[in-house]
Amino acid sequence: MTTITVTVNGKSYTRDVEPRTLLVHFLRENLSLTGTHVGCDTSQCGACVVHMDGVSVKSCTTLAVQADGASVTTIEGLANGTELHALQEGFWEKHGLQCGYCTPGMIMSAADLLKNNPNPTDDEIRHGLEGNLCRCTGYENIVRAVRYAAEKMNTVNAD
Amino acid sequence: MIPSAFEYATPATLNEAMAMLAADEDAKLLAGGHSLLPTMKLRLAAPTKLIDLRKIGELRGVSASGGGARIGAMTTYAEATASAALKGYAALIDATSIIGDTQVRNRGTIGGAMAHGDPAADLPAVMLALGATVNVIGSAGSRAIAIDDFFVGMLTTALEEGEIITSIDLPALAAGTSTAYVKFANPASGYAMVGVAASVTMSGGKVSACRIGLTGAGPSATRLEGVEQALTGSDGSEASIASAVANAGDGLDILGDIHAGEDYRRAMVSVYAKRAIVAAIARA
Chain W
1 MTTITVTVNG
11 KSYTRDVEPR
21 TLLVHFLREN
31 LSLTGTHVGC
41 DTSQCGACVV
51 HMDGVSVKSC
61 TTLAVQADGA
71 SVTTIEGLAN
81 GTELHALQEG
91 FWEKHGLQCG
101 YCTPGMIMSA
111 ADLLKNNPNP
121 TDDEIRHGLE
131 GNLCRCTGYE
141 NIVRAVRYAA
151 EKMNTVNAD
Chain A
1001 MIPSAFEYAT
1011 PATLNEAMAM
1021 LAADEDAKLL
1031 AGGHSLLPTM
1041 KLRLAAPTKL
1051 IDLRKIGELR
1061 GVSASGGGAR
1071 IGAMTTYAEA
1081 TASAALKGYA
1091 ALIDATSIIG
1101 DTQVRNRGTI
1111 GGAMAHGDPA
1121 ADLPAVMLAL
1131 GATVNVIGSA
1141 GSRAIAIDDF
1151 FVGMLTTALE
1161 EGEIITSIDL
1171 PALAAGTSTA
1181 YVKFANPASG
1191 YAMVGVAASV
1201 TMSGGKVSAC
1211 RIGLTGAGPS
1221 ATRLEGVEQA
1231 LTGSDGSEAS
1241 IASAVANAGD
1251 GLDILGDIHA
1261 GEDYRRAMVS
1271 VYAKRAIVAA
1281 IARA
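If you're matching them up, the sequences are chains W and A in order.
First residue of the first sequence? That's 1 in our numbering, and the numbers climb one at a time after it.
First residue of the second sequence? That's 1001 in our numbering, and the numbers climb one at a time after it.
Possibly wrong hints are sitting among the right ones.
As the list claims (entries may be wrong) - Okay, derived cross-link-like pairs now, DSSO-like style, lysine-lysine, Cα gap no bigger than 30 Å in a straight line:
1. A:Lys-1055 / A:Lys-1041
2. A:Lys-1206 / A:Lys-1087
3. A:Lys-1041 / A:Lys-1028
4. A:Lys-1087 / W:Lys-115
5. W:Lys-152 / W:Lys-115
6. W:Lys-152 / W:Lys-94
7. W:Lys-11 / A:Lys-1087
8. A:Lys-1055 / W:Lys-115
9. A:Lys-1055 / A:Lys-1087
Just so you know, the hints here were simulated from the structure itself, not pulled from any lab data.
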């Protein structure tokens, strides 16, 4: 076992883990943060995307021990209390999901995209979400949801 | 999927890392982990120990060096893409900005990709075209490996047992040189089925020098020396490029698979060689 200390959604956790524990399993099973999903388990689908030290990563292809000392944000850490993040609101308003399985990863990838490019074109949104697969929506409403969030965040920032 | 059990260590220095590597012949170095961890999850690899290089500061960062650039082995694709020191190496940025997806580019490293030597990785073609040098350290000391000697075969490089890549040096581009990388990506994985990087130097309206690197098509990345010879001395026009690449795939060891058979892939070597050269010259 290896002792790791990881800050998740602003709270510090110290736990003993087997080195082979994947970050996604650490989040789900050790910390009971089940918003992060295991989809393909082969780093293709993006259902497991979280932010680690400010950038989006696939937590099924990251060991928990690699996150020792890091700051991790999961979908649970995105809202501000009861106030939804603009992306969460966008997926709600624009119906950017059907079954919802891909949604947490989709939102975390979109959050990384908007951080680097606050005003993306539809093409840039699609390109930015290339590491996330959705088998329900056909992506149209996901793109609209991200555009909604970008517009809202830009309006708020302009105020 | 969970890997087999292994020990984990984060050495703070290269010396410590080399000692750990020497002490356990089944240990593996961990960089970004985006080739190694999937392999371990599938239990195609079961190292006894992972030696994570992330805490060794000297492996990180990009610096300008003697007119060229030195890329620390642990530099991620995303860091390389954003690096001011690498801006002039357009072929490299072409590759580092399209490898995998955003999340892969945030974790995957240049040194890791080089050490893995995946026959369908993008960077080997680019490094061949740019004439890079791979700097390594081992128990016998440091040495510099010319890129032309680095890729030995399928997943095999010139790295000796116990050696660690510390950095990759890119030489200064000669005046009039422009570069590009283009690939025919596997529609599912995004890996190169055929990827070609071109570095072309124009002087007085003629191609005075060029290096063309190919990846994805065969068991390991290689230069297209026949194309280089045919292109050098030409005027770099579309017609001269077409003529230079006409038989680009001849005599190469080409692998076919369900996505692209051997003959088709061989034909695509010409197509993508032409596109890469045209794209490079268009940037001049």
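Status of the hints after comparison with the structure:
1. A:Lys-1055 / A:Lys-1041: Between A:Lys-1055 and A:Lys-1041 the Cα gap is close to 24 Å, so the pair holds against 30 Å.
2. A:Lys-1206 / A:Lys-1087: 25 Å, holds
3. A:Lys-1041 / A:Lys-1028: With a Cα-Cα distance of about 14 Å, the restraint between A:Lys-1041 and A:Lys-1028 holds, given a limit of 30 Å.
4. A:Lys-1087 / W:Lys-115: 22 Å, holds
5. W:Lys-152 / W:Lys-115: Between W:Lys-152 and W:Lys-115 the Cα gap is close to 13 Å, so the pair holds against 30 Å.
6. W:Lys-152 / W:Lys-94: 13 Å, holds
7. W:Lys-11 / A:Lys-1087: 38 Å, violated
8. A:Lys-1055 / W:Lys-115: Roughly 26 Å separates the two Cα atoms, so the pair holds.
9. A:Lys-1055 / A:Lys-1087: Holds, because 26 Å separates the two Cα atoms, which is no more than 30 Å.
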